[in-house]
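Residue numbers (this note's numbering), protein chains in the order written: chain A, 1 to 1252; chain B, 1 to 202.
Don't take each hint at face value.
Calculated lysine-lysine pairs in the DSS-like style (CA-CA distance at most 25 Å, straight line) [to be verified]:
#1 A:K26 to B:K199
#2 B:K158 to A:K1198
#3 A:K15 to B:K158
#4 A:K180 to B:K199
Please keep in mind that the hints were generated in silico from the structure rather than gathered at the bench.
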Amino acid sequence: MTNRGRPEDEWELSKENVQPLRQGRKFSSLNAGLQPLAGDQMSRIKEEKQMFETELRMYSGGDPLEIWHRYILWTEQTYPKGGRDGNLIHLLERCLAQFREQERYKNDERYVQAWIKLADACDQPQDLFSYMYDQKIGLELSCFYDAWATVLEKLGNLKKADAIYLEGLKQNARPYDVLKRRHEEFQKRVARGCCSSEQEEVDVAMEDQRTVLSQLKSVGKKHQAPVNRVGPAKQSVQGGRLLQSNMPNPPQVAQNFQILCDNETVDTSSLPPQTGEWTHFPHRSQTNKENEMKPGVWSKAKVPVKKGAMPSHTVSAGQPAFKVHIEEDQNQPMTTPRKLPEMGYQVLSSRKPEKPTNPIEHIKETDAVEAPNQRSMYCKDKIYGGNDEFSFEEIRAAVWKKKEKQKQLEKEEKELEERHQDLLRQRRQFLEQEQEFKRQQLVIQQEQQAFLEECKRQMQLQRQHFEKERVPNNSSRQLIFEEKTSKSNVEYYEHGNTENIPPQYLSQLRAPQQSQQTAGLQLQYEHQDDLTENNQSLNISNRTPSGVIGVLSSGGPTPESLYKTMTAPSPTVNTREAIQLVMGMFNTSLELEKQMGWEENREDKNITGVSGSNTGNKGFIPASSSAPFVVFDETLDKQKQPSAATGHIEMDQDKENNLVDNVSIRRSRSRLEHVKKSSISTEGSQTDMDTDFYMITDSSVRQARDVFEDENLEGIESHQRDDITLAPLGSHLSFAQAAKFASTPFNPNNSALKNSLNYVSSLNESESKVDPKWTAGSQIDTVSKVETTAKELSKELTISKADLSPIMEGSAEDQDSLGSITGGSHLDGAISVLKQQPVRSKLKPVTKETENLQGSLVENLGAHVIDTTSYIPPDLDERTENLLSMSICINPRDPFDSETIEGFLKQLPEPLSSFSNFVEEDKMMPDIRVGSIFIIDGELYDVMKLLGEGGFAKVYKVSQHADDNLDMSEDFACKVQCQPAKWEFYICSEIQKRLSRLNEKVDLRDAMMKIKKGCFFINGSFLISDFHSEGTLLDFANNCRQVTKGNMLDYEVIIMYLTIELLHIVEKLHKCKIIHGDVKPDNVLMKDLPSSLPTVKNAEELFAGQKRCMVLIDFGQSIDMTKYPPDTAFMAKVKTGDFQCIEMKTDRPWTYQTDLFGLAGSIHVLIFGQYMSVYQSQGTWLMTHSLPRSWNRPLWQKLFHTLLNIPSCDEIPDLAVLRREFEEYFIANLLHKYNSQCRKFMLAMNDIRNCK
Amino acid sequence: MAATVTQNAITLKGSTEIVAEFFMYGINSILYQRGIYPPETFTRAQKYGLTLLVTTDEQLKKYLNEVISQIKEWLFNMTVKKLVVVIRSIDTNEVLERWQFDVECDKTALTESKPREKSEKEISKEIGSVIRQITASVTFLPLLESACEFDLLVYTDKNLEVPEAWGESGPQFIANSEEVRLRTFTTTIHKVDTMVAYKKSD
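Next up, chain A with everything else stripped away, as it sits in the complex (with noise of 0.2 Å):
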């Protein structure tokens, strides 16, 4: 009582005054519908219905169905009660009249739809489907025949209905399979009707017919004739006055008139012939004439004229025959009459007694003529369009409004094209641009390499002249070498700017270059060692080749040398250096002021070496300063500017040096550089503890990014070039960035220096095609060697370069990156590509795709849910700090990393071939399908079926046939991949012999995968091993589930055995140094459980006693830690995400713990049936299922908090210790429970191997 209020309730209150519909009802509009009229909800209803009477005027599209579709479709809906305020029915007319000659829409569904809700609506329905069935309205589809087949069910006539029905189905009306199942059900309720009543034949019509003159049975005291004068209240069905047939008809009597016997049943349970004549239908008022006719003088009768106005609703849809001229622009200022807000119906207003309503005649006279004499002069079809009259107002305001509509469209479409054309205009804007530089670069290219031919030529020259220099008695030659060489000097520069070169560089370019006489290559060798040997004399090297001449003046390297360097720097050269940078880097523990220091006191030596040029740039500029640069002239008067403007203006000095000029500048840079963190410091993101080999890549790749990012074209380095000699200020954030290198924060000074020595190390570094990419990639390479002692897989770089050694870093993502700068010219694209791997500095997480097969019933994730986002990093002890700090001891190789997994197999004492299940062919692996064939080994196999399938692997059921009878055959499980898998053969082999070493009481050698061949091919290989018909332990999981239904006490003996299996595989593969890489429970077979266990004591003698019940497969990830120096752990992560161990997640480093948290994981899968989920509280890892309240929990709860706990490497926690606590346990307390339990898990396990 207390929540009747509700106006959520009012559907129910009301619920007398609503009629249902056949799709039912939407509820909001159901209580909208029935809410005391709330003014601001009428007005609403009222909005929409005008919106509704709008369009159907304004259509003038294809379908106009469509919208009277929707009309009546929301005015059910919005008038809840039958649709009386809304004047559904006269909506409905209207809608039928309309389109009733309309041949496409007779079997429209939705006008059908329209009729047949007229047919609920009105009293006589079973006329208007008469009806329709004459017009061949709606004959194809089901609806019609379902429709009017009820209402003949309703009314009792069920023959006819099964007439219809059957007339339905053979005009094959659609959808056809509805009809037909309503067809049946209205035959199950006949037959139930039958059946359950022991009514007098039903098909008795209740149009029955009075019969004419019949006796009826008196009815009551008075014995009345009664009311209903059919059916069961006659006494008989013959009519005729029966006292007649009494008595004998004296025969003289003739009867010479027949007595009009009316009382045949019209034949009412067939259909009526359709004929087509039914122009005029008779209504009740029709049929009923007789009866409701007052009688009167015949001859007065009239037939009366119609008059009046027609009413509002017959008014024909016809159109006039004239188009009205409508005047466009019209801006008459309107005053549009407000309508006020209508109330709703009218409360307590009586309502006349409707006249029995005719809708058909309604529909049919919709094409009534207008009267000859009459036309009307207004759009009458406009106004009388819709259900409601509309003003002229509102149509007028309707055509208003769609061609503002249509205006405000176009004028939208043609901002869209001019912005079209704007962007195209700016794209071919920057197209001309690109090739404009791209044009420029050429030209300065083709410079350069003149200008370089120049300088050798010189060298050569001026070499010759130095040998000849060695006769020492020729002083007065040296004069005149001197004077020979400042002239060629000066000729040299002619084009130059002469004065710029002072002249005490002519001194020491003779001292050192007597000194020096070696092949330009060992100088330039020498240079190169410079840099890390702190050499003193090649310093100045680093400089551009205009610098390089400026540095033969100044004591450089011959020109030789640099000819050398400049024509083919070999790879050698560059690992040469890089090893030694690496070297440098240990030996100086990684200090970065050492370092710095170090390079300071070499820069300081070239300070001293060329005192005198440092004037600002300009000493070093001369060379560069050749004729086809005069342009540089005016740059170098701007260089008197802070030094944040000198880095990039020296960059500029050289143009041809600009293609290997910032981007190459900074690398350079940062190949000096690397340990500076500060000059990388530019992106910010990478974080401190980035080992050192990362450091490199990473700044130098950030570089090329920043350099990228800034110029989304190609042709960058002229672009910025331009950009400048016009802005040098650091306009750009480019020039920030260099500006920022440039100026390195300890050595403001000897910014010029630095930049020049960039230069010519940047000089060095590249060959005579000044081809930005190669730059840019060789200083990588030089990088990237540096990066890693490790081996690394080489990519794009090397394409580029084809003398340049392979080496390069490993890690996917980064090669990636790299390859994009080298590789593309297109930067953009490069610029999405580059990213950093802060987090990732640490090793690379390249692997084998780990596999996640089946997952049948595990709901969430396939994979286990380690939660870190609460995760605390525990105070690191002394021993891991120590590990993750110093990359020495951390072992930097990827132990999933294939190169040093083939270099493990190549170094064995016993080389692989030697073993006896070891079939090597040199060709390619056979195609392998179900049902094929292949021969290893001088035996036959038969593909019988796929069992599985991963990222690298295909395992088979194959069945070997014995070579004399081919009716005999063994099955056998064929491992197939697409890499040799020659380490997993190893493992297996390895593990077998290692386990047999142990000699132990329970043999555990029968738990680890046996191969029994082994055949590698070229591309592939096979391995053929034992096959377990009873799957996975996945299975086993997935089906125990249906087994243990919710009695999880007697699930515990199962699974407590099968857990103490599993720690003892886990413990003794441990105890082989073998770690497996891969725990999970799709690697584990299952083998027979026993089907009883014998009641001992000693859990040693139980479990040694029993065959071995599960097999633990897949070492293809294993890694072998006696290959590895004692104390080795790992960095790596698992490439999938998924399949990480929390440490790997957590970034510490692991060893054994990745099987431990495989197994956690495993015995959750078969103790939940879902995959682990572990989140930290706490500092402790825990997982979030709970265990069963019945079993021993402690127990369990021990096992997966040492599981999922493991402080550090070095404390592994003891399988043995854990294993031997629930052997304990499970003999005291489960194992006589063993052998009643087991018998179901058993069941479950013939399910499984019978899919198998």
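Please build the complex by placing chain B on the supplied structure of chain A, with the hints as guidance.
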């Protein structure tokens, strides 16, 4: 005096009985209203001040009794969360209607032994109104054209063990559904919400 007091006192067991009975009659009403079973197979019964229709079909009765007794047990343990009647078309296997009864258990009743106070009459009235609403729902529910079958789903606590005769199933939601909330009633120990979801007619 004492008699009236005890009459108004609701124990956990009593509440369970009431709710289970409601479910029984409620399901029967739904089956009748929606035409899942032919109307001739129903007979009248007086309850909650209304004339309700219950089935006479033996098999159906047996099934319902089994289910209800199981639900009673769960109600007693306060492990049941919802009861759902899913009405599905036989031919297309599409879920057409979904009646959902949410059960909220007041857990404190498990511990305290003192019975609660609420008059049976009042509860009866509340239940009656819910059942009346079910009947009235015909105003907006779409007509079920085809032959339908029904399913009973029970939402329980997660770690409840599934009894033998029952299986696990999905929620059987209706896509694109219109939902209507009906009344709730409470026995002070159990509170039951009713809701019906049906396909939008578009």
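Hint check:
no.: 1; hint: A:K26 to B:K199; in the structure: 10 Å, holds
no.: 2; hint: B:K158 to A:K1198; in the structure: 24 Å, holds
no.: 3; hint: A:K15 to B:K158; in the structure: 40 Å, violated
no.: 4; hint: A:K180 to B:K199; in the structure: 23 Å, holds
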